[in-house]
Amino acid sequence: MEKVNIGAVITTPGSALNYRTGSWRTLRPVLDEAKCKFCNICWQLCPDSAIEQADVKAKKPIKIDYDYCKGCGICVHECPFGALSMVEEEK
Amino acid sequence: MGIKQVVKGNFATAVAAKLARVDVVPAYPITPSTLFPEQISTYIANGEMDAELLLTESEHSAMSAAIGASASGARVATATASQGLKLMSEMLFIASGMRLPIVTAVGNRALSAPINIWCDHQDTIAERDSGWLQFYAENNQNALDLMLMAFKISEDHRVLLPSMVGLDAFVLTHTMEGVDVPLQKEVDEFLPPYKPVYTLDVKNPMTFGSFGTPAHYMEFKYQQWEAMKNAEKVIDEVFSEFHEKFGRKYEKVSEYKTDDADIIILTMGSMSGTARAAVDSMRREGIKIGAAKLTVLRPFPFKEIKMLARKAKVLAVADRNISFGFGGAVFAEIAGTLINEKEKPMLIDFIIGLGGRDITQEDFYKIAEISKDAIKKGEVEEMVHWINLKEVK
Amino acid sequence: MASDELFTSGHRGCAGCGMAAAVRMVLQEAGPNTIVANATGCLEVMTTAYPETAWKIPWIHAAFENAAAVASGVDVALKKLGKREGINILAFGGDGGTYDIGFQALSGMLERGHNITYVVFDNEAYMNTGIQRCSSTPFAASTTTSPAGKFSIGKKEKKKPIASIVAAHDISYTATATIANYRDLKKKVRKALDVEGPSFIQIFSPCPTGWRYPSELTVELSRMAVETGIFVLWELEGADMNKIKVTYWPKERKPVEEYLKMQRRFAHLFKPEKKTDILNKIQEEVDEKWKHLEELNEMAR
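Chains as they are written, first to last, in the working numbering: chain A, 1 to 91; chain B, 1 to 393; chain C, 1 to 301.
The shape of chain A in the complex, shown without the other chains (with noise of 0.2 angstroms):
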């Protein structure tokens, strides 16, 4: 029989990340990296923490995690720079 931990517990943490949500997206945020003010709201509010976190002292902008990205345009619509844009996914 197939090996299970008893009672169901799950002793691996953080083991959701084998599963990348990206794919369920039908539409993706994409960055214009020159308007990033490094602000990191985007960062906060994404409810799937698809989003790094900009760093304001490397000048470094937010990167978007696209494997587990859903696209469901926060970042885009809070963003008070309008540094992403959302745009369709790619076949």
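Hints listed in this document are in silico derivations from the structure and should not be mistaken for laboratory results.
Even glycine gets a Cβ: it sits at the ideal position worked out from N, Cα and C.
Don't take every hint at face value.
Among chain C residues calculated to face chain B with C-beta under 7 angstroms, some are [stated by the list, open to error]:
| hint | residue |
| --- | --- |
| 1 | 31 |
| 2 | 45 |
| 3 | 48 |
| 4 | 49 |
| 5 | 56 |
| 6 | 62 |
| 7 | 69 |
| 8 | 70 |
| 9 | 72 |
| 10 | 78 |
| 11 | 80 |
| 12 | 101 |
| 13 | 105 |
| 14 | 108 |
| 15 | 115 |
On the provided structure of chain A, position chains B and C as indicated by the hints.
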């Protein structure tokens, strides 16, 4: 040797919890088990027990808290009965599914409606699907001992299933009997601290109670099934160890004057003593009759029942419970056990003592009469008989 | 990075789930020395399909109506085992698990004074089972069991004031929060975790699937709920509601219509014709509420 005391059944289960060094007791009062949390609170108030008593706002929350506490690595016990056990019902299945070795003393009491606080086995019988081990006490010594052994059996890594110990409402819970209360030192040697397999621990984070899809659910259930199977062996081991340490012998099925019996009466709980007295009376009349008592209902004692069945012409099962539309549960399970045996006795079901109706020797004489009749006719005409219903005069 | 978070990516929450954003905020504040007892609901289902879990902290789910009771057991067990120090114990529940079926266990936990922070992710219906009405559902909202129709305006009853009811238990700290005001939310989480004794936070969590709006508006909606005054951000220590501290005063309250018309669960109030009497009723109630809050504020000066 322990200390001889004269105690009520509820006290016996409470002192067992104390001796077992239970960490957490989440509880809600219900007749006839209320004395259990009361006694625990008295122990704690006087510094005799180092435990947390969590008085929840319902039995459902008591079992829920028990689950949280057990998953955190604590040894947990509680007590309830009847409607309280029914309210916990959802959580009983969950405790077993989550493989948490919680021990619960159940003051076997009838189920509403109508509301009735007296003794029968319907409450625990109705939960026999829950994945809990089930033990039934005949007397207060049994209640104490089975409670102690339940921790050891449940916590065994081959088992890791919760246990319930049934003791008859009022007949045992509230009746004083002499018991031998083991010494703390002896219990410590018999029962080491609880060592969980998985715990809620920030140093090693785990997810308890995950979502089991059709892809996995059956395998988890099979694990519980195997654990119950393992329990058959673990129970024998623990019974044997207990006998060696404390001098009291326990068996899954205990027999009395069965070797040459034509009729064997099967009982559970306090009625077993009455059955043996009735057997003695009937033996004096020359009737070849014996009695057998089930102390363990889950896991079902298949081997022992099959061996017992070879001895008699009739197994008369005294069921202190009823499944409407079928009959008694113990009868049904014995029938299921024996159906494929090449040679099997006749089986008759006797519904007896519901809602605290007193069980007397007369009842067993009646049972013997009906059994003798079946032997004479060579068949069982009626499968289920209700004993001692009030007749219209 | 997704893998640094205590609540990881890969969960099966709907795109734009307000609750998921809120959970991240709560755990960012709580940190790794945290144990969560979670009721059955969207959060539990979407994060723990065996063998995958989005949680990197110890987490336990037992049933629907008992997150508070399970958490109570954890609290007491850790205390007995000498492992309680420095551990945050959180109970997470949705609407059902908090307002209705879980209400008893919540009340019991509060009364017993456990050092537990209870967080309700309030999306105003039983979402996991398909958007049925809950006592948390607001007046005139259409749900699958209180649908708007020819003879129905949606839910007839008002939203149960869960946070005031909790505060009436005279607990250490009660607060309301929402995701648009995340700094306020995190401050409140910090306070709740730091106080001794029970604390409670109601986090207003818009749900695109249940409220039926385009998913990118989740945060916008939580903002609008606050700006129209429909959802008040407040906090309180103890039970005296006269002492509540409003933590955000909208400069000029927007008309409730602007919030309601964004969601199809209120579409029947606008089409085929505008139900002005109902909209006025909703607006009046909000106005009354704020009048009272302003009076309290004046008295406090």
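request  = Identify every previously stated hint that the structure contradicts and give their numbers, smallest first.
outcome  = Hints 1, 12 and 15 are the ones this structure does not satisfy, whereas the remaining hints hold.
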